[in-house]
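Protein chains: 2
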Amino acid sequence: MAAWRERLAGVRGVLLDISGVLYDGGEGGGTPIAGSVEAVARLKRSGLKVRFCTNESQKSRRELVQLLRRLGFHLSEGEVTAPAPAACQLLRARGLRPHLLVHDGLRSEFHQVDTSNPNCVVIADAAEGFSFQNMNKAFQVLMELETPVLISLGKGRYYKEAAGLMLDVGAYTKALEYACGIEAEVVGKPSPEFFKSALQELGVDAHQFPLKLCQRKRQTTRRLA
Amino acid sequence: MAAWRERLAGVRGVLLDISGVLYDGGEGGGTPIAGSVEAVARLKRSGLKVRFCTNESQKSRRELVQLLRRLGFHLSEGEVTAPAPAACQLLRARGLRPHLLVHDGLRSEFHQVDTSNPNCVVIADAAEGFSFQNMNKAFQVLMELETPVLISLGKGRYYKEAAGLMLDVGAYTKALEYACGIEAEVVGKPSPEFFKSALQELGVDAHQFPLKLCQRKRQTTRRLA
Numbered sequence: 224m225a226a227w228r229e230r231l232a233g234v235r236g237v238l239l240d241i242s243g244v245l246y247d248g249g250e251g252g253g254t255p256i257a258g259s260v261e262a263v264a265r266l267k268r269s270g271l272k273v274r275f276c277t278n279e280s281q282k283s284r285r286e287l288v289q290l291l292r293r294l295g296f297h298l299s300e301g302e303v304t305a306p307a308p309a310a311c312q313l314l315r316a317r318g319l320r321p322h323l324l325v326h327d328g329l330r331s332e333f334h335q336v337d338t339s340n341p342n343c344v345v346i347a348d349a350a351e352g353f354s355f356q357n358m359n360k361a362f363q364v365l366m367e368l369e370t371p372v373l374i375s376l377g378k379g380r381y382y383k384e385a386a387g388l389m390l391d392v393g394a395y396t397k398a399l400e401y402a403c404g405i406e407a408e409v410v411g412k413p414s415p416e417f418f419k420s421a422l423q424e425l426g427v428d429a430h431q432f433p434l435k436l437c438q439r440k441r442q443t444t445r446r447l448a
Numbered sequence: 224m225a226a227w228r229e230r231l232a233g234v235r236g237v238l239l240d241i242s243g244v245l246y247d248g249g250e251g252g253g254t255p256i257a258g259s260v261e262a263v264a265r266l267k268r269s270g271l272k273v274r275f276c277t278n279e280s281q282k283s284r285r286e287l288v289q290l291l292r293r294l295g296f297h298l299s300e301g302e303v304t305a306p307a308p309a310a311c312q313l314l315r316a317r318g319l320r321p322h323l324l325v326h327d328g329l330r331s332e333f334h335q336v337d338t339s340n341p342n343c344v345v346i347a348d349a350a351e352g353f354s355f356q357n358m359n360k361a362f363q364v365l366m367e368l369e370t371p372v373l374i375s376l377g378k379g380r381y382y383k384e385a386a387g388l389m390l391d392v393g394a395y396t397k398a399l400e401y402a403c404g405i406e407a408e409v410v411g412k413p414s415p416e417f418f419k420s421a422l423q424e425l426g427v428d429a430h431q432f433p434l435k436l437c438q439r440k441r442q443t444t445r446r447l448a
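So the sequence lines, in the order shown, correspond to chains A and B. Per my numbering, the very first residue in the first sequence carries number 224; after that it's consecutive. Per my numbering, the very first residue in the second sequence carries number 224; after that it's consecutive.
It is possible that part of the hints are untrue.
When chains are identical, the list treats them as one kind, so a pair holds in a single copy or across two.
What the hints assert, rightly or not - Simulated crosslink set (SDA-like; lysine to any residue; CA at most 20 Å straight-line):
| # | residue 1 | residue 2 |
| --- | --- | --- |
| 1 | 360 | 388 |
| 2 | 360 | 380 |
| 3 | 360 | 317 |
| 4 | 383 | 367 |
| 5 | 360 | 386 |
| 6 | 383 | 366 |
| 7 | 360 | 350 |
| 8 | 378 | 400 |
| 9 | 383 | 355 |
| 10 | 378 | 405 |
| 11 | 360 | 400 |
| 12 | 360 | 381 |
| 13 | 378 | 404 |
| 14 | 383 | 415 |
| 15 | 272 | 229 |
| 16 | 360 | 266 |
| 17 | 378 | 406 |
| 18 | 360 | 387 |
| 19 | 383 | 356 |
| 20 | 378 | 351 |
| 21 | 378 | 242 |
| 22 | 378 | 235 |
| 23 | 383 | 330 |
Hints listed in this document are in silico derivations from the structure and should not be mistaken for laboratory results.
So here's chain A without its partners, still in its complex pose:
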């Protein structure tokens, strides 16, 4: 523990990833990773500022927080930085009206955004929603635009579920990028803007917390617990 105290000297905040760090998805929503519930509780008791920073894009923050609470974590929606709300800010700031290629569980995050007569595409981990038909529709919307804008919530390659490895949003984003000859704008990790917005909400500067803590995944939560 002495080594940890030394490494944490001067640190004021901690960003924690969620999926694969605090819990693993699976039947009934998933299971907490051993030690993670207690690790989060200890971090919060320690006086460090804690924020949850996720690329989860199958669920709204509300659903995600409900699931985590059922699994024993103590947190609120306001403590979670997720790509969908960040994308909504970006859409409003630039007057963009998205065609949504997203999971049904995520649509509620966009209910205040104008989606009529789309002038961009937002793609997220749509899972079963990545049908040939839905991919073609998103592609057609992009090809009808003079300057196609594709906003991707993360660029993950794949993730693990009980049924095996699943292709993540990054793979499908590559398909649309190639077909249209464009490059997507990524909202979510690993975009620096995304981490900065999480820090802003924490009220700390980048030099006041070690980013590595949230990137080392399971190893970290186990050590802290």
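Please arrange chain B on chain A, whose structure you already have, making use of the hints.
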């Protein structure tokens, strides 16, 4: 015509693309492009060697030739160079047993290939077959291999159908390449090996025919007609 005679001096053979050059797909199989039936007939009468060189990967050569005959073209299966037979040669030569992510119309081309216990993936224009489930299955097969081998029949970005633009095999190949961190081997145009095999079957050398003839698409068939 004088200019054409001059340009064709020394030319012994012609490779013709099929889709978008001889016919456009659509209801009832499609329609011949104006002038193309007569252009093919004239080329064949001219004494030039003619071969049909296509990336068609939704249909077997048999189905394709049946369709073209219905549309008024005179040709046989033996005159068509297509990626699936070329892929079968490659699979046999390298002892590869494919998992097939292909259109049902193409499966008959692979009926002599061992597909048990797959050690590679062959991807073609699967159209509706590009479901999330089928893409994950192909991805899982690749990830279980020590050295993943992905063979892609062409690298087309998209094509046009009556219902609008459709994503082609190239886009889905990019998705798998990105997710696995690999590069696919392309069988079909624009692979030089594919053109060379068509020339071999024609019995002419590359310097004896102008490739541009088959790459200028509609413009060319119209001019020749």
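Hint check results:
1. 360 to 388: Answer is between: at 9 Å across copies they meet the 20 Å cutoff, but 26 Å inside does not.
2. 360 to 380: Result: close only across copies, 15 Å inter versus 22 Å intra.
3. 360 to 317: neither (23 Å within a copy, 38 Å between copies)
4. 383 to 367: The answer is between: 14 Å across copies meets 20 Å, while 35 Å in one copy does not.
5. 360 to 386: Answer is between; shortest inter-copy Cα gap is 10 Å, intra-copy 28 Å.
6. 383 to 366: For residue 383 and residue 366, only the inter-copy Cα distance (12 Å) is at most 20 Å; the intra-copy one is 32 Å.
7. 360 to 350: Cα proximity of residue 360 and residue 350: in one copy and across copies (16 Å, 13 Å).
8. 378 to 400: Classified as both: same-chain Cα gap 12 Å, cross-chain 14 Å, threshold 20 Å.
9. 383 to 355: between (22 Å within a copy, 14 Å between copies)
10. 378 to 405: both (15 Å within a copy, 16 Å between copies)
11. 360 to 400: within (14 Å within a copy, 22 Å between copies)
12. 360 to 381: Cα proximity of residue 360 and residue 381: across copies only (13 Å, versus 23 Å in one copy).
13. 378 to 404: The answer is both: 17 Å in one copy and 13 Å across copies each meet 20 Å.
14. 383 to 415: For residue 383 and residue 415, the Cα distance exceeds 20 Å both inside one copy (25 Å) and across copies (38 Å).
15. 272 to 229: For residue 272 and residue 229, only the intra-copy Cα distance (18 Å) is at most 20 Å; the inter-copy one is 79 Å.
16. 360 to 266: Neither: 45 Å inside a copy, 40 Å across copies.
17. 378 to 406: both (12 Å within a copy, 18 Å between copies)
18. 360 to 387: between (28 Å within a copy, 9 Å between copies)
19. 383 to 356: between (25 Å within a copy, 14 Å between copies)
20. 378 to 351: within (18 Å within a copy, 24 Å between copies)
21. 378 to 242: within (15 Å within a copy, 34 Å between copies)
22. 378 to 235: neither (29 Å within a copy, 50 Å between copies)
23. 383 to 330: neither (23 Å within a copy, 30 Å between copies)
Hints 3, 14, 16, 22, 23, counting from the list given before, are not met by this structure.
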